[in-house]
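J.: Using the sequences plus the hints, can you model the full thing?
Protein chains: 2
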Amino acid sequence: MSNAKASIITIGDELLIGQVIDTNSAWIAQHLNELGIDVLRRVAVGDEATAIKNALDEELTKSELVLITGGLGPTADDITKPLLCEYFGGKLVVNDAVLEHVRNMFVQRNRPIIERNLKQAELPDNCLVLHNRIGTAPGMWFEKDEKVIVSMPGVPFEMVAIMEDEVLPRLKQRFVGEAIEHVSIITAGEGESFIAEKIQDIEEALPGYIKLAYLPGPGMVRLRLTGRGQTADQLIKELKLQQDRIAERLEGIVVALEDIPLPEVVGRLLADKKASLGFAESCTGGYLSHLITQVPGASTYFTGAIVSYKVGVKEHVLGVDKNIIDRYGVVSEETAVEMAKNAINVLNCNNSLSITGFLGPAGGDDQIPVGTVWMAVADKERVKTKKFRFHYDRVRNKEMAAQMAMLMIWKFLNHKL
Amino acid sequence: MSNAKASIITIGDELLIGQVIDTNSAWIAQHLNELGIDVLRRVAVGDEATAIKNALDEELTKSELVLITGGLGPTADDITKPLLCEYFGGKLVVNDAVLEHVRNMFVQRNRPIIERNLKQAELPDNCLVLHNRIGTAPGMWFEKDEKVIVSMPGVPFEMVAIMEDEVLPRLKQRFVGEAIEHVSIITAGEGESFIAEKIQDIEEALPGYIKLAYLPGPGMVRLRLTGRGQTADQLIKELKLQQDRIAERLEGIVVALEDIPLPEVVGRLLADKKASLGFAESCTGGYLSHLITQVPGASTYFTGAIVSYKVGVKEHVLGVDKNIIDRYGVVSEETAVEMAKNAINVLNCNNSLSITGFLGPAGGDDQIPVGTVWMAVADKERVKTKKFRFHYDRVRNKEMAAQMAMLMIWKFLNHKL
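Going line by line, the protein sequences match chains A and G. Per my numbering, residue 1 is the first one in the first sequence, and the count goes up by one each step. Per my numbering, residue 1 is the first one in the second sequence, and the count goes up by one each step.
Keep in mind the hints are simulated off the structure, nothing from the lab. Quantities reported herein were computed from a predicted structural model and do not represent experimental measurements. It is possible that some hints are incorrect.
Below 35 Å or equal to it, Euclidean Cα-Cα: the simulated DSBU-like pairs (lysine-lysine) are [what the hints assert, rightly or not]:
| hint | chain 1 | residue 1 | chain 2 | residue 2 |
| --- | --- | --- | --- | --- |
| 1 | G | 386 | A | 53 |
| 2 | G | 386 | G | 5 |
| 3 | A | 119 | G | 411 |
| 4 | G | 322 | A | 322 |
| 5 | G | 237 | G | 5 |
| 6 | G | 211 | A | 119 |
| 7 | A | 273 | G | 322 |
| 8 | A | 198 | G | 119 |
| 9 | G | 198 | A | 119 |
| 10 | A | 384 | A | 411 |
| 11 | A | 416 | A | 240 |
| 12 | A | 386 | A | 322 |
| 13 | A | 172 | A | 119 |
| 14 | A | 380 | A | 411 |
| 15 | A | 211 | G | 53 |
| 16 | G | 53 | A | 147 |
| 17 | A | 53 | G | 144 |
| 18 | G | 240 | A | 119 |
| 19 | G | 119 | G | 91 |
| 20 | A | 5 | A | 211 |
| 21 | G | 273 | A | 53 |
| 22 | A | 322 | A | 387 |
| 23 | G | 172 | G | 144 |
| 24 | G | 198 | G | 147 |
| 25 | G | 411 | A | 62 |
| 26 | G | 172 | G | 198 |
| 27 | A | 91 | G | 62 |
| 28 | G | 5 | A | 5 |
| 29 | G | 53 | A | 53 |
| 30 | G | 322 | G | 386 |
| 31 | G | 273 | A | 91 |
| 32 | A | 5 | G | 172 |
| 33 | A | 53 | G | 240 |
Output of the computed footprint for chain A on chain G, the stretches with three or more beta carbons under 8 Å from beta carbons of chain A [claimed, not checked]:
| hint | region |
| --- | --- |
| 34 | 16-28 |
| 35 | 40-54 |
| 36 | 192-205 |
| 37 | 298-309 |
| 38 | 377-388 |
Glycine is no exception: its CB is placed at the ideal position from the N, C-alpha and C atoms.
T.: Below is the structure:
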């Protein structure tokens, strides 16, 4: 039995002028995938009736499930609801439960309700209304010619709430497919081509129902094995076998056997070692701390950070010797070492990483050009340093520097530095 | 004359299983828009020949320009190049300039070159090869039946480099269209419906060639006016007139008359006032500092932050009185006030914001449930506090708290708190 096929349609002019990055599609795709539903296509169109109708026509010829987000807000640029109502041959009627819910939301938030909001309670009489517990625009579930079409608001957290509460459970019942499973291997320090060459024989010998993909990122490559089959148990067993073979071949560059972000890899390692970590961040301006604290439970190993953006903070809070800064400069190995060593005492942690550099566009000179970054990682006995040079813009350089910093901590904790 | 129409096709299984968020489409859309080229549709398909061919067929019937990203890497899951070559009836031949460039890149990076990399120099003989100065996979420019099809690698910074160096200048020459201009108004503190009601008459009286869109975000709504016309100058004049009318009507909730992120609004205000800012961050774990330092030039007003994730850092680095923490708790108005006041001295800044809360999933109790956040904003004379309650997950709560913190600083600096 083959898997159900789905299309995702996102509606909104803001997607076509690039003002908003579409995160909804990725979320939806991930969750359909877990149910064994294949996403064939994702299509974005503007707030324009003909474009929406055409997209619906086209996707309904390709997929048996079409999920639509966007175009359901209370303002005049939202045209999806009446269009869908007409498309499926229904008419708009007031839904009392939704009306009550919209009223309650405004009362709770202590805001006046206006005509426009009450309009949100008008819904097609030919759909199943999907409750939106955190917003005023409900979702809609239509069925036509054995196909399912679901429409949800474009606000990401409202979409997520409706998917979790209403849509995913119903899809699970409706579309039972072949199992799909994924396993991942995260590697660091070698490029995509090098890895492909190294495991070529394993890749070529993979059974037909297992596919390998390379997902390169800054300083690392994620390998993803995807398998399809009748039973999840058997599939997982085979995938893990192949994962082990590849991981063994790539020994030394494997960072994790799960698709988790690098800060989580570092976090788990710290938790396992019952170790703690603090940062002295200059050029990354708090980004390292942000990444580490995105992981739930970070408070068990992360003590905190000094974001020493101005030199004064380096001197007065971190206690870096003014003579060292004057002699070697703010962006230097010596300053990085002092920052890391002092952070251990100031933040009362047993491992620290410091980072100081010029990420651009300003800063730097002939000797220390823009993109130069010094990092130091330390515990109570050891200090290791490394110099980097990044060649992109400010935001990208920050991203790269953060990845490299996480890798450096990981290597340090594993005594690979 | 009507504007040229474009479609964007992004290729990659990783997009359909939601492992990667597509940022390329938004970047491309934004830049086409600036040239006056309308993006009609964005389509994502997997690494599968038939799906790619079908997408090309379909988009070529709708658009005169099709931009493709993805599917050009050196590993086996990349099939786009031979497919495009065949689609447009060419054959693959070695391109000496690309071969030289690929070799040089490997020499520079001091890595061994392998057969697979050399393959990247094989290119269709029926396309214009677009130089990729930062990667090994070049872009390709095909023309067929008066239409233009451009293929680029999916790695975002390589795509950007090829677009900037090679594609945008050529598109500008080729497609001269009607002017498109945008102006924005950023508002804070009122919902989409309230604003729509308040400016209904202005919106209804807009000339037909100007369109208004509402883009709601946490705690704020961005309004975007888009105009189309013969001459950019005339259009900008009319858009600014409408922008002024709306801004005047919405007085008190207008934060900026430009589409810039809130941290940049705050940054400009600080720069204008020649003021400085520091943070005492607990639950946001460095995120506020990260956002403020994303803006180039932040070093003129941002001094730094203490990320006091553990209580010890609050006491020993920020100098918060242990008695206050014991008596009122870590998440309390009193602790927030102490953190903000002390941050001014510790970080040597003249404005500070502190934040302490439980963002979830752990933490909190009956009295102070998960999602509770206290903020305090201070200068040398004033302290203002506010309590928030967020209802989402950890990541979303952090995002919301950061928006609210930026708004709070903005209000405080404008004496609106």
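J.: Each hint should be assessed against the structure and marked as holding or not.
T.: Taking the hints in turn, this is what the structure says about them:
1. Restraint check: the Cα-Cα separation between residue 386 of chain G and residue 53 of chain A comes to about 47 Å, which exceeds 35 Å; the hinted pair is violated.
2. Our distance criterion of 35 Å between C-alpha atoms is broken by residue 386 of chain G and residue 5 of chain G, whose separation comes to about 49 Å.
3. For a cut-off of 35 Å, the pair hint linking residue 119 of chain A to residue 411 of chain G stands: about 33 Å separates their Cα positions.
4. Proximity of residue 322 of chain G to residue 322 of chain A is assessed by CA-CA distance (about 31 Å); at most 35 Å being required, the pair is judged to hold.
5. Between residue 237 of chain G and residue 5 of chain G, the direct Cα distance comes to roughly 25 Å. Compliance with the 35 Å bound is thereby established for this hinted pair.
6. Of the pairs offered as hints, the one joining residue 211 of chain G and residue 119 of chain A holds, with about 22 Å between alpha carbons and a cut-off of 35 Å not exceeded.
7. Between residue 273 of chain A and residue 322 of chain G, the direct Cα distance comes to roughly 29 Å. Compliance with the 35 Å bound is thereby established for this hinted pair.
8. At most 35 Å may separate the alpha-carbon atoms for a hinted pair to count; residue 198 of chain A and residue 119 of chain G meet this at roughly 17 Å.
9. Restraint check for residue 198 of chain G and residue 119 of chain A: the C-alpha separation of about 17 Å stays at or below 35 Å, so the hint holds.
10. As the CA atoms of residue 384 of chain A and residue 411 of chain A are separated by approximately 10 Å, the hinted pair is consistent with the 35 Å bound.
11. Restraint check for residue 416 of chain A and residue 240 of chain A: the C-alpha separation of about 26 Å stays at or below 35 Å, so the hint holds.
12. For the proposed pair residue 386 of chain A and residue 322 of chain A, the alpha carbon gap of about 22 Å is at most 35 Å, so the pair holds.
13. Proposed proximity of residue 172 of chain A and residue 119 of chain A is supported: the alpha carbons are some 31 Å apart, at most 35 Å.
14. Among the hinted pairs, residue 380 of chain A with residue 411 of chain A is consistent with the structure: their alpha-carbon atoms are about 16 Å apart, no more than 35 Å.
15. Annotation: proposed proximity of residue 211 of chain A to residue 53 of chain G holds, straight-line Cα distance about 21 Å (limit 35 Å).
16. With a CA separation close to 25 Å, the supplied pair residue 53 of chain G and residue 147 of chain A stays within the 35 Å bound.
17. Of the supplied pair hints, the one linking residue 53 of chain A and residue 144 of chain G holds, its CA atoms being roughly 28 Å apart against a limit of 35 Å.
18. Distance check on the hinted pair: residue 240 of chain G and residue 119 of chain A sit about 31 Å apart at the alpha-carbon level, within 35 Å; holds.
19. Pair hint residue 119 of chain G plus residue 91 of chain G holds up; C-alpha atoms about 14 Å apart against a cutoff of 35 Å.
20. Of the supplied pair hints, the one linking residue 5 of chain A and residue 211 of chain A holds, its CA atoms being roughly 18 Å apart against a limit of 35 Å.
21. Distance restraint check for residue 273 of chain G and residue 53 of chain A: the Cα-Cα separation of roughly 52 Å exceeds the 35 Å cut-off, and the hinted pair is therefore not satisfied.
22. At most 35 Å may separate the alpha-carbon atoms for a hinted pair to count; residue 322 of chain A and residue 387 of chain A meet this at roughly 22 Å.
23. Note on residue 172 of chain G and residue 144 of chain G: the hinted pairing holds, with a Cα-Cα distance of about 18 Å set against a maximum of 35 Å.
24. Note on residue 198 of chain G and residue 147 of chain G: the hinted pairing is violated, with a Cα-Cα distance of about 45 Å set against a maximum of 35 Å.
25. A threshold of 35 Å between alpha carbons decides the hint, and for residue 411 of chain G with residue 62 of chain A the separation of about 51 Å lies outside it, so the pair is violated.
26. Annotation: proposed proximity of residue 172 of chain G to residue 198 of chain G is violated, straight-line Cα distance about 40 Å (limit 35 Å).
27. Among the hinted pairs, residue 91 of chain A with residue 62 of chain G is consistent with the structure: their alpha-carbon atoms are about 31 Å apart, no more than 35 Å.
28. Distance hint between residue 5 of chain G and residue 5 of chain A is fulfilled; the C-alpha atoms sit about 29 Å from each other, no more than 35 Å.
29. For the hint pairing residue 53 of chain G with residue 53 of chain A, the CA-to-CA distance comes to about 22 Å; that is within 35 Å, so the pair holds.
30. The hinted pair formed by residue 322 of chain G and residue 386 of chain G meets the criterion: a straight-line CA distance of about 22 Å does not exceed 35 Å.
31. Under the criterion of a C-alpha separation no larger than 35 Å, the hint pairing residue 273 of chain G with residue 91 of chain A is inconsistent with the structure, at around 56 Å.
32. Annotation: proposed proximity of residue 5 of chain A to residue 172 of chain G is violated, straight-line Cα distance about 39 Å (limit 35 Å).
33. Restraint check for residue 53 of chain A and residue 240 of chain G: satisfied, since their Cα atoms lie roughly 34 Å apart, inside the 35 Å limit.
34. Restraint check on the region 16-28 of chain G versus chain A: 12 residues with Cβ-Cβ distances below 8 Å, three needed, restraint holds.
35. Counting residues of the region 40-54 of chain G whose beta carbon lies closer than 8 Å to any beta carbon of chain A gives 9, which reaches the threshold of three, so the coverage claim holds.
36. For the region 192-205 of chain G, the stated coverage by chain A is satisfied: 6 residues place a CB nearer than 8 Å to a CB of that chain, which reaches the threshold of 3.
37. Check on the region 298-309 of chain G: 10 of its residues sit with their Cβ under 8 Å from a Cβ of chain A, so the three-residue criterion for coverage holds.
38. Note: the region 377-388 of chain G has 0 residues with beta-carbon separation from chain A under 8 Å; the three-residue rule is not met and the coverage is violated.
In summary, the structure is inconsistent with hints 1, 2, 21, 24, 25, 26, 31, 32 and 38 from the numbered list given earlier, while agreeing with the others.
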